[in-house]
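Novice: Listed below are the residues making up each chain.
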Amino acid sequence: MPMSPAAIPPEEPAYEFYLYVTGATPNSTRALRNIKEICELYLPGQYILKIIDIYREPQMAQQEQIVASPTLIRHRPLPQRRLVGDLSNRATVLAVLGIDHQLPPTSIS
Amino acid sequence: MQDAPLSPATLHQLPKAPTGIDGLDEITEGGLPLGRPTLVCGSAGCGKTLLAIEFLVRGIRDYNEPGVLMTFEETADELAANVASLGFDLRQMQADKQLRLDHVHIDRSEIEETGEYDLDGLFIRLGYAIDTIGAKRVVLDTIEALFSGFSNEAVLRSEIRRLFRWLKDKGVTTIITAERGEGTLTRQGLEEYVSDCVILLDNRVIDQITTRRLRIVKYRGSTHGTNEYPYLISEDGISVLPVTSLKLEHTVSDDIISSGVPGLDEMFTRRGWYRGSSVLITGTAGTAKTTLAAAFALETCRRGERCLYFAFEESPAQLIRNMRSVGMDLQPYLDQGLLRIEAARPTLNGLERHLVTLHRTVAQFKPHAVVIDPISNLVSVGSLNEVRSMLTRMIDFLKVSNITALFTALISTHDDRMDRTEEGVSSLVDTWVSVRDLEGIGERNRGLSILKARGMSHSNQVREFLVTENGIQLLDVIIGPAGIITGAGRLTQRIQEEAQRAVQQHEAARRDRDLERKRRVLEATIANLRTEFETVEEELRRISHEEQTRETSLHESRSALAKGLSADYLAAKPNTRP
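Residue numbers (the numbering used here), protein chains in the order written: chain A, 1 to 109; chain B, 1001 to 1578.
Hints are computed from structural coordinates only; laboratory data are not their basis.
What you are looking at is a predicted structure, and each value in this text was computed from that prediction instead of being measured.
Sample of chain B residues facing chain A (criterion: CB under 10 Å; computed from the structure):
1. V1104
2. H1105
3. I1111
4. D1118
5. L1119
6. I1124
7. G1127
8. L1146
Just so it is clear, CB atoms sit at the ideal spot from N, CA and C, and this is done for glycine as well.
Isolated chain A, as found in the complex (with noise of 0.2 Å):
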């Protein structure tokens, strides 16, 4: 890569998500709630999060193939994960995400 490594996380952060919700429901909120709360804390700085409300924008839910809803798309890092769901359940959620979920309970302690 061309690129020195130290100009990737402030311009390409290393994670992008795009989360797909329809309005306000409870799945909907929660989902936002657990995706939030993850990313401030296993990826603090290195993380981009979209919301999508595909209500106010259904053709991106045809273009993005979405069924279910909530669903989260991971980006990036390349290949494409999706998950479904209010994402509650941690565990899945960042095995999924490739989130090494040992890091942030130390650097936090």
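Let chain A serve as the given structure and place chain B on it in line with the hints.
Specialist: Relative to the frame of chain A, chain B by itself:
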């Protein structure tokens, strides 16, 4: 209920959305329930998707109802390619904003479940698609694919139930397709959720021939045909062939057309059979059924009308060669395009396919007459019942189109299986001509008789006929002491008659000569008598003359005496008197 009795106005029929699919609207008496979901289930390869797409496409084309197709299995491109062969241009319809395709891609391996979820994404997509084009029709092609994508069945089931409810509330007419399960209509029991209309498609192979059948399992709030109806996937889409949809209401023609055999025409009081009627020619092997059929075809072409000839036994070339040998040249009409010969082995296709071929060829060629030679061969393809129902449909179809139909059928005296076919068909046809062997001592002759002719009286005679170089010739009836005489018997009879006639002529000549002789004798006698008479007459005339002379002289002498003659003269005078 305390309500007032239902008035006719409240008893209106369930509103229906016509599918536009051949025959299906007739079975469902108008179409699918309007604004409600319909489940179409069936095993793999029986045309569920095709039926659903045709419902959409015909809705767009014929009823101006835009449609949404949500597919869970095939991508939009694959689908468009698949149905392009049927003449459905999905891309154009999409461009015209008449159709929206949405491929829902679900892959279990890509999806992780991390808590509670619902299928709002699907609802939103569908709702968005419906609203953007104002769709009236929706197809969900194999929604069961969801079950392979998500593991939480409880959520799925409640969501699918909600989806159907939601579609109903939106007022769109929906088709949901589903794979058939073991012992159940659908693998996932979707029939529990769709309570309005369930259509079952079935694809079965009997004796190596595939027949597809459609049955309406339920149709809430409407009557419907309950039988299994054969259907076909043809070049023009799905075609369901209901037997009972055709009510006997077709108009009839009063025209008479010739059978092509003058002698046969004479046997009907109206000299031919009615246009648009159906004619059956039955006979044992080698009784010139095909020749009779070809004569009819030829006559039709000669009138300048088109004739469609289905040959199930001979190739067109063979048929033409054979008919030329009996003085019937079909080739010119074939070249002119008045005659079309469709030759195929009956076993090439299933019965339904034959029927569809007939329908399609008739639609293209628009013939005035159709010949099927022979129908009995079709028995080799299906069971008797199937053949019968197929022929019923075929005959009805031709009748409705006012096409004169002529069928030949082989019957066998040894095999009553064929006879039953004949029985089955005979009630359907209007005119039934039977040709048979009249087997005598050491020879066979062909005899022809009319068994029935609806709407006109006909000869009751069995006529012998010959297949000559100039076509078929019916011979005059010769009635001998023991009934009608044919063949060698006919010849013997003729020779005997001729001998008898010679004898009679001889006798007459002899009598004439006799008479002549007698006349001459008579004339001679008359001449004799006349001569005799003349002699006598002359004699009498001479005597009378003498008498007169004497009388005169006597008178003179008396006068002289009176004037004073001598006494002695006077005395002497009396002595002179005799």
